[in-house]
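Go by the hints and put chain B onto chain A.
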Amino acid sequence: MSSEPPFNLRTENVWFGYQPDECVLKDISLALPNGSFNMVMGASGSGKTTLLKVLGGFLPHQRGKIYLFGEETNHPLPGVLRARIGYIPQQLGLVRSLTVLDNVLMGALSRCRSFSTLLGFFPKKEIEHARMLLAQLGIAHKAGEKIIHLSGGERQRVAIGRTLMQKPSIILADEFVSDLDLKTASEILSLMQQIGRKDHVTFLMSMHELQLVKEFNGSVIVIKDGNISGACPSNQFDRAVLEELLR
Amino acid sequence: MKIPASGVVFILISAAFISVLAQFGFFMPEQFVKGSANLSRFLAEAFPPDFSALSKTGEALAETVKMAFAGTLLGFLIAFPIAIFSARNLFPPAVVYSARFTAALLRTVPPLLWAIIFVIIVGLGPLAGTFSIALYTVGYLSKLYGELFEGTDPEVLEAVKGVGATKPYLVRYAVIPEGANAILSQLLFMFEYNIRASSILGFVGAGGIGFQIYVYLQTMEYRNLTAVLILILGIVLFMDFLGGLLRRRFLLA
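In the order they appear, the protein sequences are chains A and B.
Start counting the first sequence at 1292; every next residue gets the next number (this note's numbering).
Start counting the second sequence at 1451; every next residue gets the next number (this note's numbering).
Careful, some of the hints might be misleading.
Pairwise CB distance ranges (calculated) [what the hints assert, rightly or not]:
{"no.": "1", "chain 1": "B", "residue 1": "G1694", "chain 2": "A", "residue 2": "K1356", "range": "55 to 65 Å"}
{"no.": "2", "chain 1": "A", "residue 1": "E1436", "chain 2": "B", "residue 2": "G1694", "range": "22 to 32 Å"}
{"no.": "3", "chain 1": "B", "residue 1": "R1698", "chain 2": "A", "residue 2": "K1416", "range": "34 to 44 Å"}
{"no.": "4", "chain 1": "B", "residue 1": "K1516", "chain 2": "A", "residue 2": "D1472", "range": "55 to 65 Å"}
{"no.": "5", "chain 1": "B", "residue 1": "N1631", "chain 2": "A", "residue 2": "Q1310", "range": "27 to 37 Å"}
{"no.": "6", "chain 1": "A", "residue 1": "D1472", "chain 2": "B", "residue 2": "N1539", "range": "30 to 40 Å"}
{"no.": "7", "chain 1": "B", "residue 1": "N1631", "chain 2": "A", "residue 2": "F1412", "range": "21 to 31 Å"}
Calculated Cβ distances over 12 Å to all of chain A for the following chain B residues [claimed, not checked]:
{"no.": "8", "residue": "I1453"}
{"no.": "9", "residue": "V1470"}
{"no.": "10", "residue": "G1475"}
{"no.": "11", "residue": "N1488"}
{"no.": "12", "residue": "A1496"}
{"no.": "13", "residue": "S1505"}
{"no.": "14", "residue": "L1524"}
{"no.": "15", "residue": "F1530"}
{"no.": "16", "residue": "F1535"}
{"no.": "17", "residue": "F1541"}
{"no.": "18", "residue": "A1544"}
{"no.": "19", "residue": "K1593"}
{"no.": "20", "residue": "E1597"}
{"no.": "21", "residue": "I1650"}
{"no.": "22", "residue": "V1686"}
Just so you know, the hints here were simulated from the structure itself, not pulled from any lab data.
These numbers were taken from a predicted model, which means no experiment stands behind them.
Backbone N, C-alpha and C define an ideal beta-carbon position, used for all residues, glycine too.
Next comes chain A alone, as it looks inside the complex:
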C-alpha cells in the first residue's frame, strides 16, 4: 500500500456563503502536496478570491473541514498558523507611504513582537534578511523608496518579499500578476516557483491568463460557480480542457 503524501493544505467538503442562504463555495475538497505549485482558474465571480480567503483563514467556512499542516482549523486562525500562511491580495495590500524595506520587514511581525518593533525598530538580523530578500528579488536598490514611487512589477516584488519574510510554508496569491504585462508576470511567477522549490513552499494562486498557466509546471484547478469542476497538470492544460471543464 502506498503511503499518502504529506499535504500542507487539505479541505473536505467545504461550503461558504456571505449570507446564510447563499453558497459561494460548494463542497470544495482539495489536497495540496507540500512544495507543490497550484493555479486556480475560473470565470470572474466563480469564487476564486473567496476560496483563497477561506483557506487563508480570513473568512469562516460554514461546513466541511480545513486541515492546515495536518491539523483541523477554524476561524479565526491561531497566530502560530497565521504566520505560516503567506497571503498576497489582488491589489497587493502594500502600505504606500512606507518604504520598500519597511513593507518587507512587516513580514517579520509575527516573530518580532516587542516594544521596539512597535516603535519601528527591527532586530538587525531581520533587517539583513529583508535586504537579502530584496537582493534576490532584484530590487535591493529600491529599499529606501516609498511604494508610491515604484512600478507595477516592482510592487509585485515587494509583496513577494513581504510574504517570504514571513517564512511561510504556504503562499496564497490572488490574481496578483493580473495587472502586469505577460513578460513581467512570467518573470515574477518564475521567481516564485524557484523560491518555492528551494524552500519547499506550497503555492496556490488564482490566475487569469491561460498562456501563463501553461508556462509553469504545476497543477491547475478549475472552479465553476463555487465548485471545483476539475484539475489537471499544467502541461496538459489548454483552452479546450478549460472550456470542457467550464461547460
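What follows is chain B alone, placed relative to chain A:
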C-alpha cells in the same frame, strides 16, 4: 409625471433653505440698508489699524498661540486612542460605541463653556484655556480620525493581518501610515482653528489675547482691535504656510 427621489430631496432642501433665510429676514432689503450705514460707521472707526498698542498685546498674543499649541497637542494625544477604539474595522461594537459616545459628549460642549468650567476648576489664566482647547480638540479629532481609520483600505489591513500582526502592530504599520496624510492635515487645521478659538477664551478669564479684545470692544477702541485681528490673521497664514512645508517634507508626493 413622477419626480425622482433625488428631485424630491432637492426640492425639500431648497424649500427649507429659503424658508429659514426668510425667517431670519434675509429678504428684507431695508434691514441691509440700515445695517450698511452701521457698517460704514464701524469701518471708519476701525481703520486704519492702530499698531501702537501691540507692544502691550504682543505678550497676550504669544500666550494665545502657546495655549493653542499645548491644547492642540494634548487633545491630539487623548483623541488618538479614542479614535482607534471608535473604528469599527478594528474593535467590537461595545468598544466602538463607548468611544464614540465619549467623543460626542466632549464635542457637545463649546470651547467657551469648557473655559468657564476650567476657570472654576484651576482658576483664571492660560491653564484653563489650554484644558478647554484640549477637550474640544479631543471631541473633534477623535471623530475625524475615527472615520479616517475606519476608511483604511481593507486589503492593506488584510495583508498586514495576514503576516500575523496583532492589533497594536496593525495600527502602527497599516492604519497610521495609510492615514498619515490626513492625520497631519487635520491636526494642522485643528491647530489653526484653535488659535482663532483661543483668542476669545480670555473673555472669561482663561488667558490669551481674548481679554484684550474684550477690553477693546467694551471701550470701542476698534483701531486697536483691527490691529490685533490683523496679527491673528498673520499668524493663521503663517501656520498655513508651515503646514504646507510639513506636508511636503513628510508625506506622500
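A quick look at each hint next to the structure:
The hinted window of 55 to 65 Å between B:G1694 and A:K1356 holds, with their beta carbons roughly 57 Å apart. At roughly 23 Å, the beta carbons of A:E1436 and B:G1694 sit within the given window of 22 to 32 Å. Range check, B:R1698 to A:K1416: about 35 Å between beta-carbon atoms, so the 34 to 44 Å window is met. For B:K1516 and A:D1472, the Cβ-Cβ distance of about 57 Å falls inside the hinted range of 55 to 65 Å, so the restraint holds.
Distance hint check for B:N1631 and A:Q1310: the Cβ-Cβ separation is about 36 Å, which falls inside the suggested range of 27 to 37 Å. Range check, A:D1472 to B:N1539: Cβ separation about 34 Å, and the 30 to 40 Å hint holds. Roughly 24 Å separates the CB atoms of B:N1631 and A:F1412, a value that falls within the hinted 21 to 31 Å. Residue-level check passed: B:I1453 sits 34 Å from the nearest beta carbon of chain A, beyond 12 Å.
With 12 Å as the threshold on Cβ separation, the claim that B:V1470 sits away from chain A holds: the shortest Cβ distance comes to roughly 43 Å. At roughly 50 Å, the least C-beta separation between B:G1475 and chain A is larger than 12 Å, which holds for a residue marked as non-interface. With a closest Cβ-Cβ approach of about 52 Å to chain A, B:N1488 is found to remain outside the 12 Å limit, as its non-interface label requires. Annotated as non-interface, B:A1496 keeps its C-beta farther than 12 Å from every C-beta of chain A; the closest such distance is 46 Å.
Against chain A, the non-interface label of B:S1505 holds: every CB pair exceeds 12 Å, the least being about 45 Å. For B:L1524, the shortest C-beta to C-beta distance to chain A comes to about 22 Å, beyond the 12 Å cut-off, and the non-interface label holds. Even its closest Cβ contact with chain A, about 14 Å, leaves B:F1530 beyond 12 Å, as expected for a residue assigned away from the interface. Once the 12 Å rule is applied to beta carbons, B:F1535 is consistent with being away from chain A; the minimum gap is 17 Å.
Distance to chain A confirms B:F1541 as a non-interface residue, since its nearest Cβ pair spans about 15 Å, more than 12 Å. The claim that B:A1544 lies off the interface holds: its Cβ sits roughly 18 Å from the closest Cβ of chain A, which is beyond the 12 Å cut-off. For B:K1593, the shortest C-beta to C-beta distance to chain A comes to about 23 Å, beyond the 12 Å cut-off, and the non-interface label holds. A cut-off of 12 Å between C-beta atoms confirms that B:E1597 is not in contact with chain A; the least separation is 19 Å.
Taking the minimum C-beta to C-beta distance to chain A, about 37 Å, the non-interface status of B:I1650 holds against the 12 Å cut. With a least beta-carbon separation of about 28 Å from chain A, B:V1686 lies farther than 12 Å from that chain, consistent with its non-interface assignment.
The structure meets every hint from the earlier list without exception.
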